[in-house]
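Given chain A, put chains B and C in place with the hints provided.
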Amino acid sequence: MTHFDTALSQHVQRTDTGRLRHLITLDGLTRNEITALLDLAQFYVRKPHELPARDQSLAGHTVANLFFEPSTRTRVSFELAAQRLGAYVVNLDMQTSSRVKGETVLDTLYTLQAMHADVLVMRDAEPGLPAQVAPFVASHVSILNAGEAHVSHPTQGLLDALTIRQHKPDFNNLSILIVGDLMHSRVARSTWRALNTLGIGEVRIAGPEHLLPPAHEFKGAIRHTDINKAIQDVDVVMALRIQKERMQQAHIPDDSGYCREFGLTPERMKLAKPDAIVMHPAPMNRGVEITDDVADGKQSVIQQQVTNGVAVRMAVLATIARGAHGQ
Amino acid sequence: MTHFDTALSQHVQRTDTGRLRHLITLDGLTRNEITALLDLAQFYVRKPHELPARDQSLAGHTVANLFFEPSTRTRVSFELAAQRLGAYVVNLDMQTSSRVKGETVLDTLYTLQAMHADVLVMRDAEPGLPAQVAPFVASHVSILNAGEAHVSHPTQGLLDALTIRQHKPDFNNLSILIVGDLMHSRVARSTWRALNTLGIGEVRIAGPEHLLPPAHEFKGAIRHTDINKAIQDVDVVMALRIQKERMQQAHIPDDSGYCREFGLTPERMKLAKPDAIVMHPAPMNRGVEITDDVADGKQSVIQQQVTNGVAVRMAVLATIARGAHGQ
Amino acid sequence: MTHFDTALSQHVQRTDTGRLRHLITLDGLTRNEITALLDLAQFYVRKPHELPARDQSLAGHTVANLFFEPSTRTRVSFELAAQRLGAYVVNLDMQTSSRVKGETVLDTLYTLQAMHADVLVMRDAEPGLPAQVAPFVASHVSILNAGEAHVSHPTQGLLDALTIRQHKPDFNNLSILIVGDLMHSRVARSTWRALNTLGIGEVRIAGPEHLLPPAHEFKGAIRHTDINKAIQDVDVVMALRIQKERMQQAHIPDDSGYCREFGLTPERMKLAKPDAIVMHPAPMNRGVEITDDVADGKQSVIQQQVTNGVAVRMAVLATIARGAHGQ
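Which chain is which? The protein sequence lines are A, B and C, in order.
At position 55 of the first sequence (counting the first as 1) the number is 55 in this note's numbering, and the numbers step up by one without a gap.
Just so we're on the same page, this note's numbering is the position in the second sequence counted from 1, plus 1000.
Just so we're on the same page, this note's numbering is the position in the third sequence counted from 1, plus 2000.
Extracted from the complex, chain A is given alone in its bound form (with noise of 0.2 Å):
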């Protein structure tokens, strides 16, 4: 796996005057930028037996759902966002679709922008498409990434922080400790820049040396092999999933010896802060990298942070159509 510049990614997402008008990498957002994200994602938070917020920002605004990589949790959290903002939503299966006429994506994009579809929201296991194809939409038209290769995936680092602020508001204190294939996950890179740009105090990384990410990549955190020093005392800590395929790729024989290695269990979690927090992106192999009882514990924050994703969709939604339409 090499190393993916994102350089391209942070120039196009921005207009000429510098508003943020696409959504694909949190790279070079800055703290205030990130931080306005997360205040209005807050503002659409409600506990859970409440109603959702829901107000008419995207009010006769199209927000299209392209899923080139399926995911049903994403997309409905996608759609659920667009409807609680008073728009319409069309979902394409980008895998049955008109790809098999032979179709370009970009021609597929231009259809939709002329559908006045006004926010693009892709999904793609392959890396580069979302900044490749941001500079040729027309410019009512917003791309919003939904998860790219193991690259990007900005609206789940977003989702994190604002799940460890809520918790943990002193950044500057706080030492998070990620574990797992970290070489293959955009969800730990879009969390550690969304977390290195809000100043947190201390980031640590842990997983098989076969899966952990070049040395260049992040850059200040400390590496671990050994999950058992890596968790000693922090306040939050984030399991990544794992595949079978990468299992045997660091040479671990199966979900158990993982599971030994590095899954969170009870006897692991109290070696953290007795207040630490437990993160997991989802969907979460039970088992595996964490345990049924670390999972469905007290110090399980995994539910909240989806209802923050559907709050942090809403709030990047709102704020990137307004970036595209000059406001």
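To be clear, the hints were calculated from the coordinates, so they are not data collected in a lab.
None of these values were measured; they are calculated from a predicted model.
Just so it is clear, CB atoms sit at the ideal spot from N, CA and C, and this is done for glycine as well.
Heads up, a few of these hints could be off.
Derived list of chain A stretches under chain B, where covered just means 3 residues or more per stretch with a C-beta under 8 Å from a C-beta of chain B [to be verified]:
hint, segment
1, 19-27
2, 69-79
3, 280-289
Facing chain C, a subset of chain A residues (Cβ under 10 Å, in silico) [unchecked claim]:
hint, residue
4, Y88
5, N91
6, M94
7, T104
8, D107
9, Y110
10, L112
11, Q113
12, A138
Quick look at chains B and C alone, frame taken from chain A:
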């Protein structure tokens, strides 16, 4: 096929104070409760050429359709019912969803409730899921069973009862025949339960001997293997869908063989009361369990069942959403 | 390929009093009727950077998209048109739907109309279905043909006519060339019909000899097999999509061979009038029937066709819904 105990379903679908919060089975519902649901559904019924009833009972609420077993017809019925009550609606095709990523069903439900979904409409080819998950969802969430294996299909039972009531309100003096593969029919079980609770005069069941239900089910119903005897002077005839593999199981050679032995034909209908109505849960196998003449004839109320289906689903959605929110 | 008679379609798409209730074919529509549809569509056209037109013409109405042949692009166009008129919209993927359960198409339509669907948008790879089912649906229901085999695609014909009218309103003095696989093209047939009824000056058709339509079709059109002659001094050039299997049928070796013989290239465009416009129904095979320079050049109105497509569909939906309800 073993008997599936619905005692658990009855228990878990109520709050501690006895309000109906989920709808998993019609077992255990009182006559008053069923009547109240039918009355509300009747309030939502419109003539076919009129615009459908609509209000804002579920404004701000979110309904998620989770279909583990595909059924376009039923999904659309629930989708329109929810839309016409002003709800946000999302569809999840659970066959291609994150189950492929190994996520547990419960985690999917936790995710949806964290996104402020209020009603989870579930359909599954296996028995047990709704009652298993109901105790675990948050207190603002309702599980609505949209068809569960051979066990339960409560909104179908209600729409059948409503349809009969519209034509034959004097339930005490009614005689109904349900004919076909009762053993595997969730429709027959739920309809029988609804009619029984409402005090129907007489239920007869008829079908190939191998496809009649176990003796302890459909208590009080009169069993027949000769439809020509069973249909004598009944007020209501309901044909069930038969599947090829079930015919083989019952030693019936082919479609026309089934039609000859158990199909609703014009000749057979003459044995019922002259004003008898004909019902079918659809989709129909025309020329198998019912002939075109009967399906499209004057006595058929099959399209009316469909119209009532949307009205019943509106009534149930509104009722259980109130139940979950303690109103 | 045999000629498909649209006389039945013309007949069944009107009420007894002659109002347009379904839209199955443009054959038989008067100049006034087509002009009225284009005028209403023009009322719904907005500039690309503006919010789309929207009103509540179909508030309370229900539009169902039934796609027997998949087409994400066309489905989204109809879906947005219906949403922007305030309708409830449901999508049915008929390839994976209850046809697997052996239900007849007509029973599916009966079900949808019983659920108070008002407009059934149908697309099918086979000819005949819309006209076959139209006489059987209830009087409040309209069938809207969204593409039928090689036979008819009426909203495409209208959007092409609207696009031409916006640039070249003096139809009497216009010359248009349609180039490509006309034999299998529903687009060409519907567009030709619309232009003919509106009194276009001259229609030329060009393509490989094996892919020109039978002699009794496109009456009055001038036939060419040499595009370089055909394109001389025309005002409008419309390229059609070509499929690999058709190229073989026409003894054309490959993509570049087709482009050389029939593709719209910058050189060829110089033979048309200097202000000629270029059209394509999309999705395009870039480098085959049209080169990038032409598709994205100043003369191209291809994206404008897409914008007009939504507007035309809004106009047709509003018009036939009124026709079905006797207004």
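Does A138/A meet its interface restraint, that is, does its C-beta lie within less than 10 Å of any C-beta in chain C? The hint holds - A138/A has a Cβ within 10 Å of chain C, the shortest such distance being about 6 Å.
Less than 10 Å between beta-carbons is the criterion; does T104/A satisfy it with respect to chain C? 7 Å, holds
Status of the M94/A interface restraint (C-beta, 10 Å, chain C): 8 Å, holds
Holds or violated: is the Cβ of Y110/A closer than 10 Å to a Cβ in chain C? Status holds, d = 6 Å.
For the restraint on Y88/A, tell me whether the closest CB of chain C is nearer than 10 Å. At 5 Å from the nearest chain C Cβ, Y88/A passes the 10 Å test, so the hint holds.
Using a Cβ cutoff of 8 Å, are there at least 3 residues of the segment 19-27 of chain A near chain B, or does the coverage claim fail? Our answer is that it is violated, as 0 residues pass the Cβ test (under 8 Å) against chain B, missing three.
Would the stated hint for N91/A survive a check requiring a Cβ distance to chain C of less than 10 Å? Nearest chain C Cβ about 9 Å off; hint holds.
Is the coverage entry for the segment 69-79 of chain A by chain B consistent with the three-residue Cβ rule at 8 Å? Since three or more residues must qualify, the claim that chain B covers the segment 69-79 of chain A holds, with 7 doing so at under 8 Å.
Hint check: is the beta carbon of L112/A less than 10 Å from a beta carbon of chain C? 7 Å, holds
Status of the D107/A interface restraint (C-beta, 10 Å, chain C): 6 Å, holds
Are there three or more residues in the segment 280-289 of chain A whose C-beta lies within less than 8 Å of some C-beta in chain B? Coverage by chain B holds here, the residue count being 5 at a Cβ distance below 8 Å.
Holds or violated: is the Cβ of Q113/A closer than 10 Å to a Cβ in chain C? 7 Å, holds
The earlier numbered hint that this structure contradicts is number 1, and it is the only one.
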